[in-house]
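All chains should be built: construct the whole structure from the sequences, respecting the hints.
There are 4 protein chains.
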Amino acid sequence: MKSKIASEEEVMRRAALETFPTEAYSAHVLTDCFEDAKRLFLESLIEVHYAHAIMLAEQQIISSEEEIALLRALGDLDLDAIRGTAYDGSFEDLFFYIEELLKKACGDDIAGRLHTARSRNDIDVTIYRMRLRVDALQVAQSAISLRGVLLDIAERHHETIIPAYTHTQPAQPTTLAHFALAMVEVLGRDIERLRRATDAINYSPLGSCAITTTGFPINRDRTAELLGFDGCTVNSYAGIGAVDYFTELLAAVAVLMVNVGKFVQEFLLMAMREFGAINLSDGYVQSSSIMPQKRNPVALEHVRILASKAFAQATGVMSAIHNTPFGDINDVEDDLQPMIAQALRDAVRSLSLFSASLDTATFNLDILRRRAAEGFITVTELADTIVRREGLPFKLAHKIVSRSVRFALDASSEITYDIFRAAAREITGDVLSITRAEFDAALDPEHFVQVRTILGGPAPAETRRAAAVEREKECLDKEWYERCSKALGDYKLRLRATANIAVSAQGLSVG
Amino acid sequence: MKSKIASEEEVMRRAALETFPTEAYSAHVLTDCFEDAKRLFLESLIEVHYAHAIMLAEQQIISSEEEIALLRALGDLDLDAIRGTAYDGSFEDLFFYIEELLKKACGDDIAGRLHTARSRNDIDVTIYRMRLRVDALQVAQSAISLRGVLLDIAERHHETIIPAYTHTQPAQPTTLAHFALAMVEVLGRDIERLRRATDAINYSPLGSCAITTTGFPINRDRTAELLGFDGCTVNSYAGIGAVDYFTELLAAVAVLMVNVGKFVQEFLLMAMREFGAINLSDGYVQSSSIMPQKRNPVALEHVRILASKAFAQATGVMSAIHNTPFGDINDVEDDLQPMIAQALRDAVRSLSLFSASLDTATFNLDILRRRAAEGFITVTELADTIVRREGLPFKLAHKIVSRSVRFALDASSEITYDIFRAAAREITGDVLSITRAEFDAALDPEHFVQVRTILGGPAPAETRRAAAVEREKECLDKEWYERCSKALGDYKLRLRATANIAVSAQGLSVG
Amino acid sequence: MKSKIASEEEVMRRAALETFPTEAYSAHVLTDCFEDAKRLFLESLIEVHYAHAIMLAEQQIISSEEEIALLRALGDLDLDAIRGTAYDGSFEDLFFYIEELLKKACGDDIAGRLHTARSRNDIDVTIYRMRLRVDALQVAQSAISLRGVLLDIAERHHETIIPAYTHTQPAQPTTLAHFALAMVEVLGRDIERLRRATDAINYSPLGSCAITTTGFPINRDRTAELLGFDGCTVNSYAGIGAVDYFTELLAAVAVLMVNVGKFVQEFLLMAMREFGAINLSDGYVQSSSIMPQKRNPVALEHVRILASKAFAQATGVMSAIHNTPFGDINDVEDDLQPMIAQALRDAVRSLSLFSASLDTATFNLDILRRRAAEGFITVTELADTIVRREGLPFKLAHKIVSRSVRFALDASSEITYDIFRAAAREITGDVLSITRAEFDAALDPEHFVQVRTILGGPAPAETRRAAAVEREKECLDKEWYERCSKALGDYKLRLRATANIAVSAQGLSVG
Amino acid sequence: MKSKIASEEEVMRRAALETFPTEAYSAHVLTDCFEDAKRLFLESLIEVHYAHAIMLAEQQIISSEEEIALLRALGDLDLDAIRGTAYDGSFEDLFFYIEELLKKACGDDIAGRLHTARSRNDIDVTIYRMRLRVDALQVAQSAISLRGVLLDIAERHHETIIPAYTHTQPAQPTTLAHFALAMVEVLGRDIERLRRATDAINYSPLGSCAITTTGFPINRDRTAELLGFDGCTVNSYAGIGAVDYFTELLAAVAVLMVNVGKFVQEFLLMAMREFGAINLSDGYVQSSSIMPQKRNPVALEHVRILASKAFAQATGVMSAIHNTPFGDINDVEDDLQPMIAQALRDAVRSLSLFSASLDTATFNLDILRRRAAEGFITVTELADTIVRREGLPFKLAHKIVSRSVRFALDASSEITYDIFRAAAREITGDVLSITRAEFDAALDPEHFVQVRTILGGPAPAETRRAAAVEREKECLDKEWYERCSKALGDYKLRLRATANIAVSAQGLSVG
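Chains as they are written, first to last, in the working numbering: chain A, 41 to 551; chain B, 41 to 551; chain C, 41 to 551; chain D, 41 to 551.
Source of the hints: derived by calculation from the structure; they are not laboratory data.
The structure presented is a predicted model; accordingly, all values stated were derived computationally and were not measured.
Everything hinted at is true.
Just so you know, same-sequence chains aren't split out, so a pair can sit in one copy or run between any two.
Cross-link-like lysine to aspartate or glutamate pairs, in silico, DMTMM-like; alpha carbons within 20 Å at most:
(1) K435 - E140
(2) K518 - D192
(3) K44 - E512
In structure tokens, the structure reads:
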């Protein structure tokens with residue numbers, strides 16, 4: 041127990057002894073930030089240095105000699121050594137650590153010039169966006185792959201009859217293609233949102249400086265181009281303070297993960313022994329040596345929880361920054377960015393594992409077909425047939441069928457032609473003209489599906505048409521992905537080449 | 041204490057006495073659902089009935105006489121009486137209640153025909169979308185208005201100097217226009233997302249029926265057109281099971297509310313007595329009769345909590361449906377839809393109150409100008425000036441300024457020309473050629489702002505340019521809003537007119 | 041398009057015309073708040089007025105005549121008329137509306153005295169707590185009931201064999217009692233948390249006044265007692281600013297709803313046709329006239345979504361107030377309280393519907409027993425038996441069983457004694473001494489369950505013991521509930537009686 | 041573009057080639073799980089092995105020789121080598137990897153015996169709880185420390201006058217002690233919840249086995265004791281399936297983090313230049329070399345975002361598992377546990393950094409005192425004084441004060457005695473008897489505070505009383521912490537000693 045409370049003067053004395061950073065600040069903030077920064081942002085930070093140096097020289101804000109000295113110092117940085125460095129409190133963070141290395145390499149004065157007309161603030165948002173565009177693209181690519189696998193399933197199964205459930209009960213026959221295409225269609229919209237969010241990230245805030253740009257005649261477009269951005273953000277206050285460059289993406293991921301969670305629930309159900317509708321390959325199933333028939337579909341459980349985690353983190357990031365000021369604040373920076381990265385990583389893990397496990401999954405066609413034929417789930421079509429064939433009012437047709445089901449249940453049988461005729465006679469007092477063949481067709485799940493040819497229906501002709509449309513979309517999305525992916529590789533080469541040209545005026549090369 | 045546990049047989053006996061709905065089911069589910077349905081979906085439901093009847097007749101699935109009987113029965117419904125009806129357990133829900141009314145009006149048989157080639161499932165999603173598109177449009181419109189008010193502020197204040205804060209400390213001068221345009225720019229992207237989400241809702245799932253469409257030759261495009269939709273959804277399983285028609289909107293609202301929360305924090309701060317930067321009109325301020333100078337900016341607190349509620353509910357809806365099956369389930373239906381509506385309503389309330397209170401807010405220009413000039417927050421520009429004017433290395437310029445600040449702090453003064461020269465002499469051992477006028481300009485906040493002319497900077501010419509661009513976007517967004525809004529009015533007239541034409545063949549009119 | 045931006049002077053002119061409350065403030069804030077206040081807090085507010093008046097007189101801060109005038113004015117208030125009043129902007133809120141009524145009844149001066157030594161701030165938190173304690177108690181009571189129903193199921197089914205699943209596959213036999221008791225045990229802890237949270241609410245902040253108490257010699261304990269509180273909160277700043285009086289409860293509800301969500305998933309699965317393990321009574325099942333055998337267990341779906349909504353709202357409230365200041369702010373007041381009430385109401389609805397639907401649910405004992413015997417899920421017991429009976433190493437026993445399963449699978453059979461002996465011979469080269477009876481017992485699900493007698497196991501003796509313990513806890517929880525419930529009724533009578541005694545000095549009575 | 045869709049047979053062929061685990065399963069699941077398990081659970085897993093072996097021997101389920109062989113094999117494990125092992129897909133996870141090592145050390149047969157009467161399922165939940173109790177204790181300890189620092193502040197500042205704000209405006213004088221004690225009181229309840237949650241974790245589920253316990257005569261109490269648990273969980277299904285052992289803790293952390301977020305908002309405001317009320321030591325402030333007076337209170341921003349992250353992750357975990365089945369599922373296991381650990385770690389970081397930065401923070405007493413005296417915030421006390429001193433009705437007193445404030449505002453002055461008398465005369469037409477000294481006292485903030493002596497008020501005598509009560513609670517909480525902390529060290533020694541005794545029968549020792 042404390043015996044005595046310190047006076048305010050004693051506290052001041054203690055305070056006067058503390059220098060930045062204290063042990064507590066290092067332990068609870070800076071160490072984590074340094075490790076995270078090395079892991080997530082190191083390369084981007086170096087690239088920003090390159091691009092800024094080149095632009096400053098082009099704009100004659102620094103001299104050619106200064107540029108060359110800076111580029112050579114950058115080229116000489118040993119990234120592996122930096123990655124291997126542990127945080128020791130002698131510098132604030134990765135930025136200052138690298139600044140120290142540059143000072144050692146080319147002197148304080150020249151190293152200092154690199155910081156002309158910029159600020160930690162715009163550098164930070166720039167490297168966050170550089171990381172994010174890569175992660176965003178990977179999420180989009182994983183979603184495109186999952187849609188591809190589901191589209192493959194659809195195309196293999198235009199004729200595969202399965203029961204569709206409503207309120208968890210088998211309700212009507214449909215096809216596996218129709219079911220898979222439902223997910224394909226939804227994922228198509230997810231991919232659209234991911235594309236837009238990914239494109240929206242790729243604007244350079246560099247030049248926003250602390251928050252009000254600079255009086256130096258910098259060329260924002262040039263650094264944007266050198267760093268592979270599609271253009272510049274505009275307002276510099278927003279360049280620093282806006283958060284929608286990541287919240288739009290996270291919101292799209294949250295929407296996607298809710299969808300993935302719904303899809304995987306369906307496949308997990310199909311994998312239960314009582315359903316027996318899907319077989320994962322051994323590669324995704326945990327089995328027991330003593331009960332070899334017990335096949336735990338663990339991969340799908342992991343898909344579910346990874347999607348759940350990604351969802352929770354994506355919305356959690358938004359909740360975390362909610363009600364913070366609009367401007368330059370730590371709340372959206374070094375502590376938060378790793379949570380964003382983790383959300384995206386878990387999304388990619390979930391999507392990739394889902395694709396991989398479905399890619400070699402097979403279906404128990406017999407069981408599915410049988411389930412789609414039993415339990416009277418085709419009787420609505422029988423009623424429709426009576427209406428159309430006999431011209432009877434809907435209500436009467438409905439009554440006849442209902443009576444037939446009742447008779448069949450009492451007899452522990454399916455509805456037979458005889459049962460049907462008996463029911464019809466009882467209701468109408470008359471004999472219907474529907475033939476046995478027509479009757480059989482009306483109750484046949486294949487027939488049920490075949491007649492549903494309208495837009496969005498399960499008839500194979502319609503699902504083939506829909507699948508073709510989706511394939512085209514897939515094609516366009518893949519092109520987009522390839523284009524973005526290439527651009528993110530190309531700028532790196534271009535940046536290095538530009539630096540080399542500058543340096544090679546002196547017969548040297550960079551990095 | 042229970043003395044005896046019932047046997048399974050006793051439970052069965054008790055169970056056998058229960059009929060649907062039990063008191064508990066009525067009390068905890070159906071009563072709320074009936075009230076909510078009357079409030080949110082009644083008109084849409086009637087319109088769906090009209091459109092379906094017209095289409096069925098056009099497709100010759102029902103006869104012209106049946107159509108007319110149905111349309112007249114619909115026209116005769118007394119909506120106010122329906123709204124006044126309390127739930128009593130004698131029917132399941134609003135749908136069945138209206139079916140009863142129609143049966144009474146035109147007989148069981150004809151009323152029954154209206155339910156040909158459709159299902160509760162597609163009707164439900166259709167009316168949810170019809171409600172949602174209206175609410176979504178209102179959110180978009182409220183966001184457009186808020187942006188308009190902020191744009192007005194920007195255009196009034198291209199020359200108004202204010203301090204910009206970093207890490208909650210005054211950091212650099214900027215203008216009120218620059219600050220307001222940052223929010224305008226962010227809101228512009230929010231509005232874009234809201235437009236896309238609103239457009240995405242407006243596709244008709246009608247014809248998806250239970251989940252697999254129908255064998256009847258219905259015309260989905262026709263009902264879509266009659267109900268003011270832009271087209272049809274495709275896959276019928278997705279038509280029933282997909283949730284992104286509302287999750288995309290809610291995600292956009294969540295992103296928007298995080299932004300609004302950030303903006304309002306800034307204005308709340310400005311309204312604190314210690315800041316004294318903004319004055320709300322008396323209309324938005326709660327005052328005390330005994331302390332008339334205490335002006336509680338309660339409207340802004342309400343903006344914050346309403347935005348927070350909207351955010352929490354928007355993400356909460358996603359959390360609520362997360363990990364539910366993909367298909368037809370109650371989880372996304374009658375219990376959930378009111379929560380969606382409440383989230384959107386709170387978003388509209390927050391946005392509208394924000395617009396209204398800012399619209400007559402004024403700023404204490406003197407205080408803002410003074411804050412932007414004190415505390416040395418312009419000294420970075422002085423350092424830049426030394427670099428440019430004297431050709432000194434950045435590091436040395438920085439040192440001179442740093443020493444000047446130190447001298448000034450010691451003298452409890454701002455930096456004077458003499459202080460500056462003394463500092464420069466101490467550092468460089470030399471006299472700088474910067475004149476007093478140049479020195480004064482370098483420390484002047486207006487000058488600070490004037491030289492920041494690059495893309496996104498606060499210089500008035502640049503903020504004027506940016507404001508003009510935003511006005512154009514505003515113009516396009518308003519056109520979109522007017523177009524949508526008109527379309528949502530027009531279809532109602534068209535639908536009624538179409539019904540009247542059908543009926544008037546018999547010299548009658550509808551509703 | 042706006043042609044011209046208003047000048048700051050024009051805005052000031054417009055602002056000067058606005059008086060509190062503006063139309064926007066009424067429409068977006070005060071109207072909702074008035075309706076919510078009437079619905080949730082009216083009675084409590086009147087009671088606070090009674091209690092405060094009585095205490096002020098007892099402390100001689102007001103005179104006996106003033107007290108009587110106030111009590112009579114309060115007694116004369118027509119609550120139904122107040123409830124019927126629509127918000128019209130002529131007063132700020134319910135508090136001021138009632139103040140107006142009191143002024144009319146007993147004059148400005150006397151009505152004004154009621155507001156001595158208190159503030160809107162402490163009144164508000166007091167009435168929020170008075171509402172909350174009632175809602176909290178109802179949640180607790182609903183949880184107690186659900187546990188009771190599950191305990192009934194357990195007590196009916198100590199011998200009912202069912203399969204337990206791991207990773208969604210049948211894994212081992214257990215009993216329905218064991219399964220139900222797992223939920224009972226978890227709910228027991230939920231109830232404990234709810235009891236603590238409910239008790240924690242019931243402290244009176246009255247006397248905290250605006251935030252610093254008062255210089256008047258009020259008696260906080262007396263108002264607390266008159267209003268049915270268990271005592272007073274202490275620090276007055278915390279009395280106004282602390283939020284854990286509701287966050288603790290909401291956190292407990294969130295934890296509970298996650299549990300409920302898990303439980304209901306199990307019963308929904310049991311209700312699927314492929315499982316056929318549980319039958320809800322007709323009272324909770326939506327059926328189809330044409331497919332009478334299709335029984336949608338909609339009540340359970342509603343339980344799930346209502347729990348999900350309660351969960352989302354409970355955590356949403358916390359998210360909404362997160363990062364707001366600590367003190368007196370609107371964020372935790374009139375806009376937020378209805379969301380808290382809705383979260384609790386949905387929790388009660390979910391729990392009550394769950395209890396009611398399980399209360400008459402019956403189980404398909406044959407199906408459950410059969411599932412627990414098939415699929416080799418008892419073979420781990422066979423291996424254990426070999427170890428114990430033959431003294432063989434575990435590994436060898438395991439191998440024998442594994443081989444037996446393989447033989448059986450190849451023969452599309454269950455494991456027979458012959459298959460077992462063949463497998464044993466192949467592995468050990470020897471004949472085991474286990475008899476056919478021992479073999480049969482080892483594979484028998486009843487035997488499997490019977491031998492699991494250790495703490496927490498499914499053996500009927502153990503589940504009977506556990507059930508008895510849970511009954512005792514139930515008994516204590518019910519006593520607590522009755523005690524609290526009675527206290528919340530008693531104080532109302534006492535308060536009215538106290539008021540009447542004061543007034544009846546003059547031969548009159550109150551309300 | 042894919043030219044051809046694989047047939048179902050081709051898929052089967054591909055599937056047949058896949059073995060567990062596939063590359064995708066390793067990459068997206070097992071690698072992360074292995075790394076996480078080594079980091080979080082390695083030691084606990086080994087300890088579970090020790091305890092189980094000892095208990096099996098004591099119960100004579102394995103022989104003494106087998107026990108010794110197992111204990112020696114366990115003792116010989118090289119934990120550092122295990123930590124250095126990278127995942128390569130040749131084993132499923134850490135459990136199997138260690139099983140392999142044990143098999144190598146003591147043979148398949150003996151190693152296999154260790155797995156008698158247990159399962160991966162109960163082992164997993166046991167080690168999760170062992171990790172969690174350590175983390176929970178650290179959160180509790182960090183909260184106790186923060187309360188201690190705030191209590192120190194309170195005890196230094198019983199007489200320090202500060203303004204209390206309502207609706208973000210200065211409202212009344214109070215003391216720093218009163219303000220700090222508000223947080224102390226709230227944290228006291230947080231600590232109570234953390235204590236309960238921590239205690240609730242510490243029950244051993246070991247012996248639940250797969251989900252139904254075992255037929256072997258194990259001693260659950262003994263393993264519980266050896267592993268430092270306070271007892272056993274009961275129902276084995278709940279032992280595996282229940283999640284409230286972590287959700288209760290996370291809910292308590294969420295509630296705590298909301299509180300911390302509120303507290304830190306207050307200190308961040310105090311640290312703004314416009315407020316200037318608090319000074320953090322240099323050790324927690326980021327400064328600028330060019331603007332030495334700009335002191336960014338970054339430590340407090342980190343406190344806020346770390347608390348926000350902890351909050352978002354804590355509620356996120358609950359959201360993630362919401363609507364998953366009740367039983368043995370991956371969703372609450374290896375993918376989720378690291379998110380729980382991260383939530384707790386961020387909570388500890390936030391709390392510790394908050395304590396550390398407040399511990400050497402000092403307050404600008406003059407500024408605070410001045411703010412508490414200006415702006416008429418003491419006038420309510422003047423009105424109260426008139427009521428008490430003159431016996432005037434409250435309403436009249438109020439009017440006099442209101443008029444005085446108006447006069448003072450018009451004269452740009454504070455209220456003087458003359459102004460007051462002029463106002464009184466105008467209202468009452470009479471001269472009040474209040475003396476200048478009484479008048480001065482009534483407006484004096486110290487007097488304002490001194491007279492507020494009732495329970496929970498700011499009068500120094502009352503805050504001293506309250507602080508003493510809080511110190512006592514602190515004392516009890518620290519004792520609890522020490523007891524728990526010691527217990528978590530002691531069992532480790534005891535377990536090792538017990539193992540050594542068993543082995544040393546043969547003259548050997550373990551580990």
